[in-house]
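Chains as they are written, first to last, in the UniProt record's numbering: chain A, 1 to 574; chain B, 1 to 574.
Check each hint, because a few of them may be wrong.
What the hints assert, rightly or not - Listed below are the simulated DSSO-like cross-link pairs for lysine-lysine, each with C-alpha atoms no more than 30 Å apart in a straight line:
#1 B:524 x A:536
#2 B:536 x A:386
#3 B:542 x A:396
#4 A:220 x B:524
Unchecked claim - Partial list, computed: chain B residues near chain A (C-beta under 8 Å):
#5 300
#6 484
#7 506
#8 520
#9 545
Source of the hints: derived by calculation from the structure; they are not laboratory data. For glycine and all other residues, C-beta sits at the position ideal for the given N, C-alpha and C.
Protein chains: 2
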Amino acid sequence: MNKLEKYFPARVWLKSYSRNDLKTDAVASFIATILLIPQSMGYAMLAGLPAVTGLYASILPAIAYSLFGSSRTLAVGPAAITSMMTATIALPFALPESQDYAMVAILLALLSGMFLMLMGLFKMGFLSNLLSHPVISGFISASAILIALGQFKHLLGIEAHGNNFLELTQSMIRNLHQTNLPTVILSLVSITFLLLLKKYLTTLLIALKLPLNLCQLFGKAGPVLVVATTTSCVAIFSLDELGIRIVGNVSESLPKLNLTGIDFDTVTALLPGAFLISIVGFVSSVSVAQSFAAKRKEDLNPNQELVGLGMANLTAALSFSFPVTGGFSRSVINVSAGSRTPMAGILTGLLMLLTLLFLTPLFYYLPTAVLASSITVAILQLIDVKDAIRLYRFSKQEAISLAVTFFVVLFIGMEAGIVVGVALSLLFFLWHTSHPHIAVVGRLPGTENFRNVKRFDVETNPEIVTIRIDENLFFANARVLEDYVLTLVSQHREMKHLVLMCNAVNLIDASALDSLETIDDRLKSAGVILHFSEIKGPVMDKLTDSSLIKNLRGKVFLTQHQAMKALTKQQTDE
Amino acid sequence: MNKLEKYFPARVWLKSYSRNDLKTDAVASFIATILLIPQSMGYAMLAGLPAVTGLYASILPAIAYSLFGSSRTLAVGPAAITSMMTATIALPFALPESQDYAMVAILLALLSGMFLMLMGLFKMGFLSNLLSHPVISGFISASAILIALGQFKHLLGIEAHGNNFLELTQSMIRNLHQTNLPTVILSLVSITFLLLLKKYLTTLLIALKLPLNLCQLFGKAGPVLVVATTTSCVAIFSLDELGIRIVGNVSESLPKLNLTGIDFDTVTALLPGAFLISIVGFVSSVSVAQSFAAKRKEDLNPNQELVGLGMANLTAALSFSFPVTGGFSRSVINVSAGSRTPMAGILTGLLMLLTLLFLTPLFYYLPTAVLASSITVAILQLIDVKDAIRLYRFSKQEAISLAVTFFVVLFIGMEAGIVVGVALSLLFFLWHTSHPHIAVVGRLPGTENFRNVKRFDVETNPEIVTIRIDENLFFANARVLEDYVLTLVSQHREMKHLVLMCNAVNLIDASALDSLETIDDRLKSAGVILHFSEIKGPVMDKLTDSSLIKNLRGKVFLTQHQAMKALTKQQTDE
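From just these sequences and the hints, can you work out the full model?
In structure tokens:
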């Protein structure tokens, strides 16, 4: 891979791109565009922005990712989780659908694009690993509830704003009197049809004897059908006059660049939120990309993914929209439509542009309640109770992390939830490693195997004691070993030699080295000689020059068997 | 150990306490009290409080720790690090030596006592492990510089306040014109004598043919001699009239309980600082206690230590003083004076009480510049440049943690320094574990040993690939394994079986389990069967009921050798 390919991965697939590929990709992108239009508009609304900005966010970002991303199938654009995060983070700064609010959303896209690029350039992608399974699971379930709740106002046709469960419900209850009956009816009808189509459309198409792959693809066309039908109904019967809200005139709702509302303080205040959007967006995007790459036995480069997503968000800011990421449903549509290369993403972007330029009048009568219905139906399946139960059975501690994240996100806020969840995960992990499994071992008679004295009937020697440490030695447990050895010495008063068996130690850091030196010192004053056995190669490389090994009175043995042979011999010689 | 002994460890040594023990402890405590008086007063001044509060902090806390702590030799009272932290944390809330300031110090003692008790009751002592070697080293060196700098105003006889290096130096330069020449001369003389006595007093005593242990003990009497001499000089020649500040009338400087200045907001604002004092105090205290316990082959119970230090701080608050902890120099004095049991600590406390009641007139003419000199001389030896150099050679990353902690403490503040240092340590550790060593292994010909294909000339099989993971599998590296396997599959297109060899895996958490299921799913769609070998007992116990093992198409082999034998046989059979 040469340097250009490294920074511009599109070169790889462009080299062998054929006219035949183009044909397939063109058809795929045409189908995908139709299916993605209502989704993109829905997510824009979810983000608290005019529905049409969803189309903006589907043009340049899709093209930028196709050029700079490393996945061949991932489709990038507005996604549920990033839109929801945009809404909750932007809310304290401006009223939704105001010009200031649009500017905040643009800023969030700009900042998270910058974070992603920086993480990519400095290869900091591993930061996303901080989001453990329980934190992600709790976060997504709670967010799904908040998203669904946030759509409820559209389903009823009322106003409501809030950052968490209580604020949202209170605001909704206060405004319940605004409820518009025609909107409620329309919502109920839409939801019913969406659920029915979701369940039976594929089966129906199969019964119609269409090819299986087309059935699976058009099985996802439920929202398109419902949107088309309801929009036509509203247009024909002028239902908007009954108080049903519609998308309306697109050009009127375009965000205008208004830099006066933006100051340095706002930017600083947005930084943590933008960072969280980047991290969460990156994690969800990479997991989607990985699942598709695996199916095709393709490779994926997480740091290049950061650059790809970073460029997508920077261009999202340039097109006056909001943060985007690689979406699951988006990518499924892309793949089932038959896309072969990232060219499909580029073509989808271009078709979205044409839609925006020429087809927006078609969406004039599209009712927002219908978009909200489709989001609600899609989002509720993200609530994963089974996972919580499974986790509870597997590990009580991790179940606590999930529960705490869930409730903090729901009742306090998304940012607090993630921070608290990550802190808890780290704390539990540190708790685990700071209670390492340490075993006194003895020789299985007649073998070279050394096993835990508590589990096996082994030979021991009161003067030569061996302990095996089943954990990395680093700052979180370094002092635990000191305590352990201290107790051990007070219990084995005949001890003359102590051997530390290090076959499961993959890391010794400076704190642990410090503790080992302290242990050696203390053993010295207690008249015990410290030895090591089975230190791994890479660990030994680091230790060789340390004062621990230089000042060690004991020896470093390659194997535990050699250690016991040498020390027992020495004992008999004395 | 019965329940009462568990909560009241003094019972153990009290049971066998003899008249002879009492005699030895009484002599030891008498000597220790004399040596500790100037030290305690100096640390009180360091905390920004009237020197006499140092005596208060040496009575009840010493007695409380002796009754509730688990170490037999640790001496608890005012210590350099906790006094310094008290000063910087209290400064933003009130002016030093004011009544409000004294109340803040009392509150800090109360809160950190509560934190220590809570950590003890909930066995949260492992939290202190977060302070890694580089963070402690950087923190102590920077604090020592700040402490010495803070004493400089006393040495010059000027006013100066500040939380960090810049604030302190600026404030000092502004007030430099107040410099009092007699004070400067006194400081220089004191420092010179302190340094000379420190270096030559023991030698001198040895030359006088005193018993060696007495020489070592009285070799530490330098500060006492200098304090006695200078106090006498000031009294005789009325040097205080030249502008040299003296301790003055003790009863005038007693803190009075003034609850009006304290509100809920102040308490909340003090919580993080109090928590840091608890943690840092606990860490330094335990490391001192451990080093003495090891020499005597005694055991130490960290959770009981939390209770002991907690009680010491609660009683410090009750006696209107400031946070205390187990001090190194204090304990050395205690041990060299010949103390046998914690009774010596109780007696020292009582003697301090007598000193406070009857001997304070002796300290009337004690110059604060002399106390400041003794603190400066004692503290500067804590700056450890050698350690920084050694650390830099051992690990660049950890050297960065040290440097960042050092500079943040020096130029921003102690709390920020610790928080940033801990965060960096965690980040580097996570970086390390999220880049685990994973090796493709093959069989050493003719053996049952499987080794890295890159290091050894081993037998491999293109259809059966084995990888060995040299790290715990948890959230920080779970997805790394996904990436690794993805790349592996794209590189080994003939692969039909993948064996994960888990002999160095001590932990698999829910995130890792999740990743392993994802890996199994992806391998399934790539036509590869996943197997495991050499999973450790405790890890397997947790996995048995998981859906990963239930849905696994491959097998879990006890040893890697069995895995290869079975899979190769299956391959030949086909």
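**OP:** Tell me, in ascending order, the numbers of any earlier hints that this structure violates.
**Re:** Hints 1, 6, 8 are the ones this structure does not satisfy, whereas the remaining hints hold.
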